[in-house]
Each structure stands twice: as C-alpha cells, then as structure tokens.
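2 protein chains.
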Amino acid sequence: MLSQTTEYALRAMSCLAYDPERLTSTIELAEVTKVPSNYLAKVLQSLAQAELIVGRRGVGGGYKLNRPAEDITLLEVINSIDKVERITTCPLGLENHGSRLCPLHRRMDQAAAGLIKHFEGVTLKDIVTEPEATRPLCDTTRTAKVEMTFGNS
Amino acid sequence: MLSQTTEYALRAMSCLAYDPERLTSTIELAEVTKVPSNYLAKVLQSLAQAELIVGRRGVGGGYKLNRPAEDITLLEVINSIDKVERITTCPLGLENHGSRLCPLHRRMDQAAAGLIKHFEGVTLKDIVTEPEATRPLCDTTRTAKVEMTFGNS
Numbered sequence: 050m051l052s053q054t055t056e057y058a059l060r061a062m063s064c065l066a067y068d069p070e071r072l073t074s075t076i077e078l079a080e081v082t083k084v085p086s087n088y089l090a091k092v093l094q095s096l097a098q099a100e101l102i103v104g105r106r107g108v109g110g111g112y113k114l115n116r117p118a119e120d121i122t123l124l125e126v127i128n129s130i131d132k133v134e135r136i137t138t139c140p141l142g143l144e145n146h147g148s149r150l151c152p153l154h155r156r157m158d159q160a161a162a163g164l165i166k167h168f169e170g171v172t173l174k175d176i177v178t179e180p181e182a183t184r185p186l187c188d189t190t191r192t193a194k195v196e197m198t199f200g201n202s
Numbered sequence: 050m051l052s053q054t055t056e057y058a059l060r061a062m063s064c065l066a067y068d069p070e071r072l073t074s075t076i077e078l079a080e081v082t083k084v085p086s087n088y089l090a091k092v093l094q095s096l097a098q099a100e101l102i103v104g105r106r107g108v109g110g111g112y113k114l115n116r117p118a119e120d121i122t123l124l125e126v127i128n129s130i131d132k133v134e135r136i137t138t139c140p141l142g143l144e145n146h147g148s149r150l151c152p153l154h155r156r157m158d159q160a161a162a163g164l165i166k167h168f169e170g171v172t173l174k175d176i177v178t179e180p181e182a183t184r185p186l187c188d189t190t191r192t193a194k195v196e197m198t199f200g201n202s
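Residue numbers (this note's numbering), protein chains in the order written: chain A, 50 to 202; chain B, 50 to 202.
The hints are simulated quantities; they were obtained by calculation from the structure and are not laboratory data. Hints are not guaranteed to be accurate.
Copies of the same chain are indistinguishable here, so a pair counts whether it falls within one copy or spans any two.
To be verified - With a straight-line Cα cutoff of 27 Å, these simulated BS3-like cross-link-like pairs (lysine-lysine) come out: (1) K174 - K91; (2) K194 - K174; (3) K132 - K83; (4) K166 - K194; (5) K132 - K194.
For clarity, every value in this text was computed on a predicted model and none was experimentally measured.
Work out the full structure, taking the sequences as your base and the hints as a guide.
Next comes the structure, spelled out in structure tokens:
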C-alpha cells in the first residue's frame with residue numbers, strides 16, 4: 050500500500066524529528082533508520098526537493114527538518130514520495146461519467162480519502178513524543194538517550 | 050496508493066464480471082477497459098496466476114472469472130497485484146519493539162487495516178450491479194446493453 054520508499058522516508062523524517070535543529074549526516078541517518086545508505090541518499094533528495102528538509106554538504110554537513118516537527122504531517126512526507134491522489138473524474142475519460150464516479154472508482158476514492166484523513170492528522174512531533182511502550186527507531190540504548198531529551202513517558 | 054497496475058486489474062475484473070460465463074478476448078477487454086493491450090496482457094497473467102480468472106488460448110479464446118462475481122472481493126483483486134500487508138512486527142527488527150509497534154508503524158498498520166476492511170467488504174458483483182448513476186467501464190451505449198442484462202436501476 051505505502052511503498053518501501055515511502056516507509057523509508059517516514060523513518061528518515063522521524064529520525065530528524067528527534068533532533069530537529071542539528072544537521073544529521075546521511076551515515077548517521079542510515080545507521081539509525083537501518084536503510085541502505087545509497088537508497089537513503091535518494092530518499093533524502095526527494096525530501097529536500099519537497100522542501101521538507103534542508104541539507105548542507107561537506108564536513109559537518111547533513112540534513113535537518115525545514116520546519117518544526119509539529120508542522121509536518123505524515124501525509125506531507127508520504128505525498129513527497131508517492132502522492133495519495135483523490136479520484137475526481139472518471140479515469141477512463143468516459144463522457145457520461147465525468148465527475149459522477151462509478152461504484153468502482155467511488156470505492157477507490159473513498160479509500161484515498163480515508164488514507165489522507167488518517168495521515169494528515171498526525172505530525173512528526175506526535176510520533177516521536179507519544180507516550181508508548183516503544184519509540185520509532187529506538188532500541189534500548191537510543192530510547193534512554195531520547196528520553197533524556199523528551200522526558201520518560 | 051493503489052498502483053496503476055492494480056487499478057487496471059480492477060477494471061479488467063469488472064469487465065469480466067458483467068459477463069462471467071463468457072470467454073472475453075484480450076482485445077475486447079483492452080477496448081472496454083481502455084488499458085493498452087500489452088500492459089493488460091501482463092495484468093491478466095497475474096490475475097490468472099492468482100486463480101481469479103481462467104483463460105483459453107486460440108480462436109474463440111479469452112478469459113473469464115474463475116469464481117462467481119459475488120465470491121470475489123476487491124481486496125482479492127488488489128492483493129493479487131500488490132498485497133496490502135499488515136505490519137505485525139517491527140520492520141527494523143528492533144528487539145525491544147518486536148510486536149509492540151511504535152507510533153509510526155502502528156499508524157501505518159492502522160492504515161493497512163482500514164484499506165483491508167474497506168475493500169474486503171465489496172465484491173465484483175456489488176460494483177457492477179449497484180444502483181448508481183454510472184456503471185464501471187460503461188459509456189452510454191454499453192450502459193444500455195448492460196441494463197438489458199442486469200435490469201435498469
């Protein structure tokens with residue numbers, strides 16, 4: 050449903066959301082997200098192109114969020130890789146259909162609408178601070194480190 | 050969200066559902082579904098491999114549904130092309146997560162569950178017989194023809 054690339058993008062954005070002011074290197078991001086670094090580099094390019102992150106090259110370079118984590122929804126991250134599209138007119142271009150979707154395309158559009166609603170209501174901040182038994186990307190060591198920043202929940 | 054290939058598969062299955070006992074040729078399917086015939090041929094192979102349709106080669110050959118239209122859900126068609134997968138354990142393989150999904154993967158799993166619920170409740174029969182202003186794949190001429198079979202709703 051959501052592609053592997055999209056899931057990797059969500060991992061990368063979550064990682065950056067833990068420390069939004071600091072430039073994080075691709076190597077560190079690859080390590081924390083467990084995404085192969087070549088693949089990750091392409092994902093980061095897409096996220097930068099969508100202006101969700103900003104990067105700086107060279108020694109001490111890396112990426113950081115372009116906006117506060119509470120202002121970036123999961124939907125924006127998903128859409129930057131593989132846009133969830135509503136169906137507004139007949140995909141076959143049938144004249145008698147136009148914007149009166151048939152039962153097939155209405156079902157498909159409802160599914161898209163459901164996904165949009167589900168993901169537009171959640172921000173990166175939500176998923177890294179939510180009081181849960183487990184935190185995104187965090188093994189035991191990293192959990193302890195993160196909880197020093199966000200508080201133990 | 051759903052791939053183009055998946056949408057084409059749903060079109061092809063809808064077309065076959067209108068006339069489930071008759072072998073429909075790839076040429077006719079391509080014409081009605083408005084899918085390029087080479088592309089469609091591959092989609093039909095996937096559907097046949099998933100045993101949703103059966104085919105016969107040669108003159109008078111084509112494809113038909115392998116089961117009644119009321120026994121094939123949209124979810125089965127979707128899954129035959131691009132399976133909607135639930136997330137049951139941490140995709141990063143983090144030991145402390147295991148099956149206790151973090152807020153990111155829980156949201157992703159909820160979305161998958163929502164899609165499954167949405168599409169498993171609808172059969173091919175539903176979408177070709179539902180009383181709607183427009184019928185899947187049907188321009189004005191085809192609508193008239195189909196309504197002689199299913200009744201004008």
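Note to self: Could you work out which of the previously given hints the structure breaks and list their numbers from low to high?
What the structure shows: 4, 5
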